Structure formats: structure tokens, C-alpha cells
Amino acid sequence: MSGPELKEELAVATPAAPPGAATAVAAGPVPRARGRGEVLYFARRNRKLVAGLAVVAGFLVVAAVGPLLTDHGPNDYVGPPSQPPSADFWFGTTTFGQDVFAQFTHGLRSTFLVGVLGGGLAGLIGMLIGFTAGYRGGVVDEVLNMLTNVVLVIPTLAVLLIVAAYLRVRGVVPEAIFIGLTSWPWVARAVRAQTFSLRTRDFVDLARLSGAGGRAIIVREIAPNMSSYLLMSGILLFGGAVLLAATLDFIGLGPTSGISLGLMMNNAVLWSALQLGMWWWFVPPGLGITAIVGSLYIMNVGLDEVFNPKLRKL
Amino acid sequence: MSPVTLKVDNLQVWYRTLRGDVQALDGVSFTVGDGELVGLAGESGCGKSTLGKSLIRLDGRMRHVGGTVELDGKELPIGDSERMNGFRFKEVSIIPQYAMSAMNPTRRIGRMVAELLESRGVRFEGQLEELLRRLELVGLDPEVLERYPIELSGGMKQRMVMVISTLLNPSLLVADEVTSALDVSNQKAVAEALVDFRDRHYVKSTIIITHDLSLVYQIADSIIVMYAGKLAEKAPTDTLVHAPRHPYTRMLIGALPEVGVRYDTKRLEGIPGSPPSLLDPPKGCRFRDRCPLAFDKCAEEPPFREVAPDHAVACWKAF
Amino acid sequence: MLRLDHVSKSYRVGTFGGRELAAVRDVSLEVAPGEVVSLIGESGSGKSTIGRMILRLTSVTSGSITFDGTDIAGLAGSRLRGYYGNVQGVFQDPFSCYNPIFKADRALELLRQPYFPDLDGRRWRAKLERSLEAVRLDPGQVLGKYPHQLSGGQLQRMLVARALLLDIRLLVADEIISMLDASTRIDVLNLLGDLKARGLGIVFITHDLSLGNYISDTAVILHRGEVVETGPTGQVFDQPRHPYTRSLLASVPQLHRKWERNGHPVRQPAGEGD
Chain A
4 MSGPELKEEL
14 AVATPAAPPG
24 AATAVAAGPV
34 PRARGRGEVL
44 YFARRNRKLV
54 AGLAVVAGFL
64 VVAAVGPLLT
74 DHGPNDYVGP
84 PSQPPSADFW
94 FGTTTFGQDV
104 FAQFTHGLRS
114 TFLVGVLGGG
124 LAGLIGMLIG
134 FTAGYRGGVV
144 DEVLNMLTNV
154 VLVIPTLAVL
164 LIVAAYLRVR
174 GVVPEAIFIG
184 LTSWPWVARA
194 VRAQTFSLRT
204 RDFVDLARLS
214 GAGGRAIIVR
224 EIAPNMSSYL
234 LMSGILLFGG
244 AVLLAATLDF
254 IGLGPTSGIS
264 LGLMMNNAVL
274 WSALQLGMWW
284 WFVPPGLGIT
294 AIVGSLYIMN
304 VGLDEVFNPK
314 LRKL
Chain B
166 MSPVTLKVDN
176 LQVWYRTLRG
186 DVQALDGVSF
196 TVGDGELVGL
206 AGESGCGKST
216 LGKSLIRLDG
226 RMRHVGGTVE
236 LDGKELPIGD
246 SERMNGFRFK
256 EVSIIPQYAM
266 SAMNPTRRIG
276 RMVAELLESR
286 GVRFEGQLEE
296 LLRRLELVGL
306 DPEVLERYPI
316 ELSGGMKQRM
326 VMVISTLLNP
336 SLLVADEVTS
346 ALDVSNQKAV
356 AEALVDFRDR
366 HYVKSTIIIT
376 HDLSLVYQIA
386 DSIIVMYAGK
396 LAEKAPTDTL
406 VHAPRHPYTR
416 MLIGALPEVG
426 VRYDTKRLEG
436 IPGSPPSLLD
446 PPKGCRFRDR
456 CPLAFDKCAE
466 EPPFREVAPD
476 HAVACWKAF
Chain C
3 MLRLDHVSKS
13 YRVGTFGGRE
23 LAAVRDVSLE
33 VAPGEVVSLI
43 GESGSGKSTI
53 GRMILRLTSV
63 TSGSITFDGT
73 DIAGLAGSRL
83 RGYYGNVQGV
93 FQDPFSCYNP
103 IFKADRALEL
113 LRQPYFPDLD
123 GRRWRAKLER
133 SLEAVRLDPG
143 QVLGKYPHQL
153 SGGQLQRMLV
163 ARALLLDIRL
173 LVADEIISML
183 DASTRIDVLN
193 LLGDLKARGL
203 GIVFITHDLS
213 LGNYISDTAV
223 ILHRGEVVET
233 GPTGQVFDQP
243 RHPYTRSLLA
253 SVPQLHRKWE
263 RNGHPVRQPA
273 GEGD
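Chains as they are written, first to last, in my numbering: chain A, 4 to 317; chain B, 166 to 484; chain C, 3 to 276.
Please note that the accuracy of each hint is not assured.
[What the hints assert, rightly or not] One-sided and incomplete, this derived list gives chain B residues near chain C with beta-carbon spacing under 7 Å:
1) 350
2) 379
3) 383
4) 422
5) 424
6) 435
Since the hints were derived computationally from the structure, they do not count as laboratory data. Keep in mind it's a predicted model, so treat the numbers as computed, not measured. Even glycine gets a Cβ: it sits at the ideal position worked out from N, Cα and C.
So here's chain A without its partners, still in its complex pose (with noise of 0.2 Å):
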């Protein structure tokens, strides 16, 4: 509570003051125990989270059935080159007859998993140290949150680039996991702060009281009054992770082996596609990967308005 509070509960606020300013302020504490009933009920009404879930669900289902849909590789050289889509390929090929929908769908599958994997990852990482942290205390908050820190302020591309020195090979599942080793910082610092002010709840005192122990108290008393907090740290996660791994693969510090929707954007732009007029090649990979990361945003704004209730809209 800080800001124009004092005019507003002192009720002298300037002639000017909107009618309703006053509601968050004098609202009152709001019941934070919701049924699990009111939040679908909320969820389901919510367009947001309903639109952004539908895009991302559509593109995970092109994900997992696009690549039956053809009998051969992304890679392979399968058509004449350079044709626009047709029948025999939907998305055209590329400069080198190589089958743009295939490549598509398989650089699709590579974006989820990226996003599962370096998301969760990430996710796992932050929440570990932020509970351990927040829950602890003392110095083993100190030395955690001093590796917080660290890792914060370490320049990704900067080291990216002495790996991709080193690493000849580079796959997938490496580039997922060096973004989840890198991406977690931030998730920790927001655990830990909401572990730090749910700690001292009574509610915290009252498991120790009944001989519970550290982890027994984060996983079961702490952890879910953060759940919805969690959840949205997870879609936002994944989103990062998506972008990342498309900014990687953009630059050229992507996977050597495989195909992604970076991977497609970088060739694209490496054999001249924009300046050939090639459209077919860099626009669905660009649509694709703007389309799910856009859509996990607005799936969060969505969320944030189901599960702060003063962002409900009755």
C-alpha cells in the first residue's frame, strides 16, 4: 500500500479522481481460497486463454501428424528446386528440391521440444534453488542467490559461442538443455520471493508443529498456494525458450544435425530466399514461430485475468 492511498482512504483525492479508483484499495481482502469449479468457470469464459491455447493446440496436432503426412526426410532432396506450393509439395520447395511442409513440421516438433525440454528444464532448476533459497534462508540463501546472480548477468550468445567453438556436433536436445542451463535465474528469483513471505505463514508453523519436515512443507503447503504463479512461469518458459532457440538457430549457433524453424529462417536467409522472391520458404517458419510464442503471451495475460480475481471482468 503506498502511492495516492492516503487521499484516497482519507476521501480527499483531487476533484479529478475516476470514479471506482478506490476499489483496489478498499475492495478488502478477497477470499484466496477459489474452488476449482470457479476457476474453470472463469477460464472457460476467458478468450484470451481460450484463443491462445486453440493456436498453440493446432500447431502441436500440424506437430504430430505433418511429418506421416510425407514419406520422406526433411533434408532430403526430393523435388525439382525452387518451386512455389503446388499439389505435390504444399509448401513448395527449396533452392535445393528440398520439401519446405516437411521441414516444416519436423522443425515444429523440434520447437516443442525445445520448449518442453529447456522450459522444463529451466523451470526444474529455478524452482529447486528458489525453494531451497526462500525456504532455508540465511547462507545458503546468500551463496543461491549469489549464483542467481551469476548466472543472470552471464552474456548467453557471448558463451554460446565459445560451446559452438568446441562442439563440432550439435543437436537439439544440447541446444534445449544449454538453454535451460542459462534461462532459470529469473524463475528462482520470483520462487524465491513468494517462498520468502509464504514461509513465515502460520499455516507454514503449524505443519512444522505437526512434525512435517523441510520438503514435506514446500511440496505440500508452499508449493500449492504458487501453483497458479508456477503454471504461468511455465508457459512464459516455454515462450522463451522457443524464441531463444529460433534466435540461436537464426545466427547460425543452432543444431548441425536435424531441422528447426531457425534452421529454416537461417538457409532461407543464406541462399538470398527474400531477394529470389521465395516467399514460401521463410514465411512459414517465421509465421510459425511468432504464432506460438505470440500465443503464449496472450495465454498468460489470459491466466493472469482468471486467477487474479481483481482482473476479473464480472
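For chain A, the structure is supplied; the task is to place chains B and C on it using the hints.
Chains B and C in isolation, oriented as in the chain A frame:
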């Protein structure tokens, strides 16, 4: 009787919630005389804070359903936040429940006061002398104006907010649970300051909202007891405490342990049951289910009626 | 039974932990079975810290706390669990004692696995109901509800019921009624009185002197972490020796006794004022 500052007539204020309207304030009528210090007591959820807020600012979920409020003979437009701005601070002021955390932590207190006054079209310089005099009265050093709110203790902040909110001599001051978060010694100082402000005519009349009957017994001229959105009893302080007529008031007073009363010698009893939900309040007397004296007539709603001069009760057994 | 021997607690504060802040200084006291000891003081008096140290939620800086002769500082694992089987606490804010996303009876359910792993569902349920009835709650009314569906008084009594599931011998009650309404307050106090009659020792922590007086045998007045006065409750309240106790008593608002200022009552009785 002395002239009337505040006249509340059949006031109804409801809260909108997901599950329907909570009838937090349902037909409340009373008057506050010039120079009168009224204690408004009741348990949590009885509507006492809603009543206090209604006189100043309805928050977004509150709806003015009916009834009128007159201050110094003029009707307060309580349902219209814009028009209420002309009255707030100048005519009617509130010391909110969480006043202590309501001060902007990034402003020096003096600057904050200046901004507040100027937003009301009042020059700070013209008020400075009066401000310093009042600070001294509540035992604050003038030097606090140079400090930030976090540098003040809870009791100091509470007194500071009191001085600020009464600086323009409003007709009515509403003090909402101002002492409940304070230690006993600070509590006494703040309560005494409320009396001083009235005695020096800084405010004409004061309503003190509290859950603590023994506190208002020390300072109030009369006490109103609320139950479940309605007034149960209003009487001069000594009458209300020593000769209450409403069974709820009696039981409430009977449940207060005093220094000297001990469990083994005099076992006090609470009031069984709990207040009714105001989402769909029962017909008739709302205390009926918990009342040991309830009889058939209680299915009808008792009027809030005077049984003696200045002593009004809403109970069929008291008439 | 419980004994505090020259117990102190200090915190390191400041940027590099350079300064020490003493929250509790050299406090000694004893609690016998069936005895209610009230720790009375204003905020910052260290009364809650003492309660937390007894419950092992805060460590002791110096001095010792012993229960039946065993120093509780060294307890861990199953021995700590055993200690909590004897000593339990109830806190000020009944709403924050329940994890808001779970049903309220989970607070009681938590005790089942560590303390009663052998009880089958039916016998556990019977035990739950017995302890709820002991605090005069209707099991049908409170079981299966979320915390926000219950009143503060019900939640607080449920926490006492939780402590009674175990065969405890000492209860630390930290401001347990200050957030309750007057009409339910006294019921919780009476409940503590009944438990005391059954031999339970109680550490009753409060800032409210009238509450401290109602059920306690021994009063301990604390000021800035130190004991300023201690003795049988009646004696401390009737003939306070320490000036701090006296000023505290004079500031408590009470019905039937008016505040005075410079020899005059603060409130002028009707008809005599101006």
C-alpha cells in the same frame, strides 16, 4: 436536545458479490447531535464499517440502495462520488482502519499535507500555524513534518493522520477502528485526542467505530450497538452499559471479561450461534435465533423505537 | 514440567549483521501441569518470541528450555516429533493458520500420518469427532469445509481440537482470542479453563490484561524483552509493584471504571458537562 449535525434516515447500502447482494446496511436511522461523540459498536460483519464508509466514500462494490444522509441540514450525495468530493475533508472526514499504512512512504509528511491541502484549494501556509498547534496537542514534535512516514511509530502515524484529516474543521469525523492495532498506552492517547478535538471544536461531531465496547465507554457520549446490518440499541453511554434493554447488548456486555473477574469465581458466557448471512437475511428480528428471550412476535421485524428519552431499542421485549 | 532458564534471544540486524537486537533478555519461568502462566506485554515485549522458542520455531540464543528435564534445543527427528506430541501451539490469526487452498480439516489430518499411522479410517474419524466435540464444535458442520466458509471462532476452536488430538500436556496459546469477536472470545477462554482443570499446562500469551487475568494462575509482565514483574495473578493485578505494570493497568479500558486524566474523568458524565 442540542441541534443535530448528522441525520441518517433509513439508509440502505448493499455489497455486490458473485453470489448476490449482501445487505450490509439495511434501513439504519439515527442522529448525531452537535458536539456529540458517538461510539458505533458491534461484531465483525455487523455493518459498522460499511456505515462509516457510506458517509464518506462508497467503494466500487457498494451500492446506495435507499435512504438519506443529512449533514448540517444539507443532504449528502453519498451515491455520487464526484459530488461527494466537495464535502470530503471539508465537511466530513474519515480516519480509516489502516491509516497507518495509507501514507505515501516516498513523501515527507509536510509535503504530503501541503499537496493534500492544495488539491482542495486551500493554501498550506495559511494552515501551518494551526497545524503546528494541533501537532503539539496530540504530542507530536513539529519536526515530524520533515520525516518520512516509515520513521514514525504506529501510534505516531495514527495521531498524524488524525491531525491531517481534521485540519479543515469538518463537521463530522468518522474514526474507523483507529485504536485496535495499537498498544494499550497508545490506545489511550489516541482516544483522549479524539475527545480533545471535539472539546476544542476542531470537529463538531465524531463517530467512533469499534468492536471494543469498553473503549467507547471511556470516551463516547452515547453508544450505538449494531447487529447484522441493523441498529439494535442506541443510548447515552452510562445507560447503555449499565441498563441495556436489548438482549444482544446485554449478552455482549456480559461476555466481556474485566480485570478482576476470574474464570473460577465468575464464569462468563458467550452468545451461542453466529450472526445470520446477509446475502439472504431472515425475516423478522435478526437476533431471534440466538436470543434466549425470543417469542412468536419476533417473527415480525421490531421497529427501532425510543423507550426513554434518547434511548432507542429494536426489540419487542423492550417496548 | 516446562522450565525456561535465563533464556535470551537476539537477532543480528544492520547491513552486515553488525548490531545485535535483543528480543528476549534473561527470562526464567516455570509451568506446572494444570497451571496457566500468562505472558503479558505490549508489542515488542518479546512475549511471542518466547512462545515460538518454546515451540522450537525459533532458536534460543542463550539459556535453556527444558521439558521434563530434557533440553529441547537438541531434539531432532523422532524425538522432536515426540516433543510435539506433548507440546502444541495455537496462534493469533485463525485464518492464516489454515492453508487457504485446502479444506480446513486438513490441519487436523496432517497429524494422522506421523502420529496415528495405525488407525483405520473409521477409528480416525471417531477420534476427530471426539476432539471436535470436546471443543464444542459440531463435526458435521465443520468437516469438509474450506477455511473461508467457517467463522474465526470455529477455526480457532478447531485448532485447539487439533492440539487435543494428541495427548498434549502443554499448550502455547499466542494471542488466540484477540482476533475473535467478543461473543465467541469468552467461549474459547472458558474452553482453556476446562482444559486446565483437566491438568493441561498453558502458556497464555496476550497483550490484554483483562484476558490475562480471567484464567491465569501466574502473571508474567514483560517489557522490552525483560520480565518486569511476576507473581500470582491476583497479587500482580491487585498490588502491582512495578511502575510499568501500574501504568499498563491504568490504561486498559474497562467497563465500570473510568479513565482519569489529571484527576478528572476523561468523559464527563451526562448532565455535568458543558
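**Message:** Need the list of violated hint numbers for this structure, in ascending order.
**Reply:** Failing hints: none at all.
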